[in-house]
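Use these hints to put chains B, C, D, E and F with the ligands onto chain A, whose structure you have.
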Amino acid sequence: MNTVTRQLITIVAEAVVERRLIDDLKACGARGYSVGHVSGEGATGRHLLALNGPSVRIESVVTDEVAQAILDRLARDYFERFAVVAWLSTVQVARGDRF
Amino acid sequence: MNTVTRQLITIVAEAVVERRLIDDLKACGARGYSVGHVSGEGATGRHLLALNGPSVRIESVVTDEVAQAILDRLARDYFERFAVVAWLSTVQVARGDRF
Amino acid sequence: MNTVTRQLITIVAEAVVERRLIDDLKACGARGYSVGHVSGEGATGRHLLALNGPSVRIESVVTDEVAQAILDRLARDYFERFAVVAWLSTVQVARGDRF
Amino acid sequence: MDGAAIVDNLLSPPVLAFVVSLLAALLRFDLRLPEALYPILSSYLLLAIGLKGGRALADSGLADAWAPLLAAAGLGVVTPLVAFVLLRALGRIGRTDAAGIAAHYGSVSAVTFTVIVATLDSRGTAHEGYMAGLLAVLEVVGIVVAISLARDSSTRFGRAVGEVVRGRSISFLLGGIVIGWMAGGERLAPVDPVFTGLFTGALVLFLVEMGALAAERLRDVRTAGWRLAVLAVAIPLLNGTVGALVGAAIGLSTGGTAILATLAASASYIAAPAAVRIALPKASPGLYVTASLGITFPFNLVVGIPLYIALAEALT
Amino acid sequence: MDGAAIVDNLLSPPVLAFVVSLLAALLRFDLRLPEALYPILSSYLLLAIGLKGGRALADSGLADAWAPLLAAAGLGVVTPLVAFVLLRALGRIGRTDAAGIAAHYGSVSAVTFTVIVATLDSRGTAHEGYMAGLLAVLEVVGIVVAISLARDSSTRFGRAVGEVVRGRSISFLLGGIVIGWMAGGERLAPVDPVFTGLFTGALVLFLVEMGALAAERLRDVRTAGWRLAVLAVAIPLLNGTVGALVGAAIGLSTGGTAILATLAASASYIAAPAAVRIALPKASPGLYVTASLGITFPFNLVVGIPLYIALAEALT
Amino acid sequence: MDGAAIVDNLLSPPVLAFVVSLLAALLRFDLRLPEALYPILSSYLLLAIGLKGGRALADSGLADAWAPLLAAAGLGVVTPLVAFVLLRALGRIGRTDAAGIAAHYGSVSAVTFTVIVATLDSRGTAHEGYMAGLLAVLEVVGIVVAISLARDSSTRFGRAVGEVVRGRSISFLLGGIVIGWMAGGERLAPVDPVFTGLFTGALVLFLVEMGALAAERLRDVRTAGWRLAVLAVAIPLLNGTVGALVGAAIGLSTGGTAILATLAASASYIAAPAAVRIALPKASPGLYVTASLGITFPFNLVVGIPLYIALAEALT
Ligand SMILES: Nc1ncnc2c1ncn2[C@@H]1O[C@H](COP(=O)(O)O)[C@@H](O)[C@H]1O
Ligand SMILES: Nc1ncnc2c1ncn2[C@@H]1O[C@H](COP(=O)(O)O)[C@@H](O)[C@H]1O
Ligand SMILES: Nc1ncnc2c1ncn2[C@@H]1O[C@H](COP(=O)(O)O)[C@@H](O)[C@H]1O
Ligand code: NA
Ligand code: NA
Ligand code: NA
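Protein chains in written order, with our numbering: chain A, 1 to 99; chain B, 1 to 99; chain C, 1 to 99; chain D, 1 to 316; chain E, 1 to 316; chain F, 1 to 316.
FYI, nobody ran anything at the bench for these hints, they're computed from the structure.
Every value quoted in this text rests on a predicted model; they were computed, and no experiment measured them.
For every residue, glycine included, the Cβ atom is placed at its ideal position computed from N, Cα and C.
Certain hints may be false.
[What the hints assert, rightly or not] With the C-beta cut set under 7 Å, the calculated list includes, among others, these residues of chain A facing chain B:
no. : residue
1   : V91
2   : Q92
3   : G96
[Unchecked claim] Pairs of lysine-lysine, DSS-like flavour, derived with a Cα cap of 30 Å:
no. : chain 1 : residue 1 : chain 2 : residue 2
4   : C       : K26       : E       : K282
5   : A       : K26       : E       : K282
6   : B       : K26       : D       : K282
7   : C       : K26       : F       : K282
8   : D       : K282      : A       : K26
9   : F       : K282      : B       : K26
Isolated chain A (complex conformation) (with noise of 0.2 Å):
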């Protein structure tokens, strides 16, 4: 099986955000993604957000561009104002023209 070289971007975000970053993510142009649920601990205090339900973890495999583009939208727009964590990493994935 031929694979190529994608990142995998992993955002953490309080309940509130998942709506528009979910729009925003496909505004910079990633073709799917998959949410989950999670609970955690980071600067914000614990369950000061947790009124508003479980924070989710959103992941999209990416191409670097795509990748990049959501860093500096979430850097932008959510980093100064909201609970929210994101990481890249690298990954490989078959049928590379669907990333």
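Structure of chains B, C, D, E and F with the ligands alone, referenced to chain A:
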């Protein structure tokens, strides 16, 4: 702690194939796996398969050969029929003999 | 967006150790983590521990040193006693000072 | 039947809940039940239906049930064939897709069954106790027949059948029947507050969710095409009539005849989509789910049920 | 009102469940409901309140409801302004944070509403059927007013309002009102075991969870400061008095006046936190959630409700 | 006791639901409850038991409860020792594993308690109100004693005990007792539809799930060995007899004696597995869960309960 290199294969798949996908993972040589639930969007329509339950996100740490065998199996039996997406990434594990 | 390299440690563990595992993560220097729920199979029998609730999947982005310290702690206090599996992967993050 | 019967049906809390929720969803209000509640309600409703049926069986015995069971099996063969032929001939739909859709019409909707039972109960119309058993039979036979129509080498036929037969919905239905039948009426009294008292209210909650699900599917009708939309009304009317005629012919009561008509007319949207997805992965869910859940289900709930009751009253 | 009324209120199962659970949480006992139950109970309670209100409307008609609806809208404007001014002047709290907190006092707590209704019902005190409608109105207006006070360029105002109006809590409330109103009393009888019979018990379960949530927030009071703590008692007392005066002025019954006072006094901790988070992300949740859920909610439940009832009795 | 009592017990809806579900699971039918329902039902049942007990306490007072509480603590010491000695001597089981299993027999099964209470209630046999309190005491003492038997340096003993005492099952039980006791019978009337009316039905649903869980464990009996299988029947018989003798000796009613016997005989499969996993991680779950949930639990439900009732009738 000494670590060795392995492959982490992550598979997101529509609910109905969970059972057989796990059987196939084992048949290809995976010795462990974890399953969580996600929702998401991709090439298939969004809500179309949700009636059958949330998608599964399966991950398994395996050797390179097993990872390759699983990808081949996915390409042969799943990619054209079901809503299934997969990616590989390189990970370090302790207790290499267990994976 | 400038990014820096960090380690992502992912731990899958039986339910009963969640609380103390998180305490240990923090003690080793992790400054954030996310917890989801999974089921799965490995060296331990499948359903044997499920009575105590679903397994947890904890992930934490940390520095190399912290990752190493966590792995050592797992090897010392967990691997031989509990159903616990862990792997490391290399990730890129923005805002490196937060991890 | 006249307009009053339809209005009366429409204002019954379960149907009203469905319609209000469907409209709310189209207006983008968030009237979705919490995720965890949907499977809880569906298991509960199936178990409650089974208990009720089993308890009735304990009173009346199985002696009279054989003819209806055979008739149900027969309907399980006829109704998907009717659907298949119409979909191929008038709907211009390919073999695999037609089989996939036909499986949905061959099988049944347990919720539609539940609503007709609740409706008959609220009118005080009696019906045979073993109808819940027919539900279980019909749920399986129709799917199997329709999938056979299109299976190819890649079809995992046995697996699909096995998964339907032992799946959650048949298991809860049969489990309820066995418990109800063995315990019998008197011993079940302490569980009546749960399995009888809460029944209609639980159905209302369930239909709140179904309204939102149907609304989502309704949006896809345009893509699915008007031919399919018309057939998704015509097939239940035809199959419902066949069911009513068969019910009357084998001597069912008015209530029983109305139920058999409704079963024949109804389309599955739980067991069938999963089975068809496994056995016929190339059939398009965009067609079969839209037809069964987006059109036939609302149609049966709002218009079909009073119609099948009227038909049963005319025939028995 | 005398001490007996407070003790009496305290020993009613819902309030008692809340207090026991709050104490248990402070003692670190694990009296948390299973995660899935919280959203189930909250949807159920809202739908049940709506049904009850809609059914009462079907009996009494909407003719008398216009003045109260206008009054509610007025309270939705006045109560957050009262809060905002006090928070700025006496609380020494910045503009954005003050607006964020004020939004919570402008909006309402559906659970507090539910408890006062259950209390009045258990005493046999009648109240107007359309109060559930006022709940829906107040839930929205107060949030909108308060957010307007502090919006800046980055505020996604329209989005926040849209999300509140079509959010789950308004949707279930309105959905229930419409279903109850269209079906009317008699047709709803089969669903009474669920929506009336289970009501108080479900409320008890819900308050078990609320106790644990309030205890968590109570721990943050020290960080939030004593000024805010005092205002989180003063604001509901002031707003509750305004509500009672308005209720009496527009001719509401004793029960209706007590409810309007409670609505005005109560602070939202479901719709408002989400809306404020979206519209005013820079307002600190550590302040607004602590005030509304950690202090005002327990205060209203234990002391406020008997007080507002006594006030209503004095004024009507 | 005769065969009729066993058949009668077997046909009661909760036991029947358990047996049907166990058989269904062995035949690989999917009669599993939706995941979210299990913790909801278990919290509900514990709270309901607690409320019932607390309410009875409010009527009768605690004056007579001291002897039974002491007796329960004594049983909490004796029953795990009996189990430990038998497992070591006859079962040829290692120290750590024997202690792990003994902890399960020292603690209690709340569901078995619930079934005996429901059985006595349905027969109209009275019992003391404070038995729910004994359940809470026994749940803890037995675990603590057994874990002490095998603790080594790595055992986090305090942590394990703390987690059991403040864990969900004790918390809900005690929470219910406190609420029931403070509110008293009359004030609890509005919550009766939930906490009394739904009780047996909820128990039936819960036992549907327990049947599937027991079936899974039953499959491991072969691996666990026949010695353990025999002891998993002998230990409850022995401990149940001790419990009945103690109950009669301290002057409990027939119902109370039957309950104490059942508590002594029952094995925990919720609190104990978690506590043992933490305190004795090297004890094998394959042994203790199989014994307690795979054998003792079904045995007590189907054969033990009618036996302990007969014993209590003979002794009191
Ligand atoms: N280092 C980390 N590794 C994994 N998840 C994290 C980390 N830091 C924060 N998170 C997650 O991101 C959420 C928001 O983080 P924060 O904005 O730091 O409060 C937390 O609740 C965690 O679920
Ligand atoms: N690029 C992607 N990144 C992450 N998850 C994806 C991606 N594409 C698809 N998925 C997931 O895989 C499921 C099936 O995808 P598809 O077969 O493209 O419809 C979707 O519902 C998503 O949950
Ligand atoms: N190779 C693996 N890949 C992913 N998850 C695993 C793997 N092995 C074990 N697990 C997870 O870790 C849990 C405990 O594993 P074990 O200690 O091997 O029983 C399992 O239940 C799985 O959820
Ligand atoms: Na049909
Ligand atoms: Na207010
Ligand atoms: Na015991």
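Going down the list of hints, with the structure as the test:
1. Checking A:V91 against chain B by beta carbon gives a least distance of about 4 Å; that is within 7 Å, so the hint holds.
2. At a threshold of 7 Å, the smallest CB-CB gap from A:Q92 to chain B is about 4 Å, leaving the interface hint in force.
3. Here the hint on A:G96 is broken, as its CB sits about 11 Å from the closest CB of chain B, past 7 Å.
4. As the CA atoms of C:K26 and E:K282 are separated by approximately 27 Å, the hinted pair is consistent with the 30 Å bound.
5. A C-alpha spacing of about 26 Å is found between A:K26 and E:K282, which places the hinted pair at or below 30 Å, so the restraint holds.
6. Note on B:K26 and D:K282: the hinted pairing holds, with a Cα-Cα distance of about 26 Å set against a maximum of 30 Å.
7. For the hint pairing C:K26 with F:K282, the CA-to-CA distance comes to about 26 Å; that is within 30 Å, so the pair holds.
8. Distance check on the hinted pair: D:K282 and A:K26 sit about 27 Å apart at the alpha-carbon level, within 30 Å; holds.
9. For the hint linking F:K282 to B:K26, the alpha-carbon distance of about 27 Å falls within 30 Å, and the restraint holds.
Of the hints listed earlier, the one the structure fails to meet is number 3.
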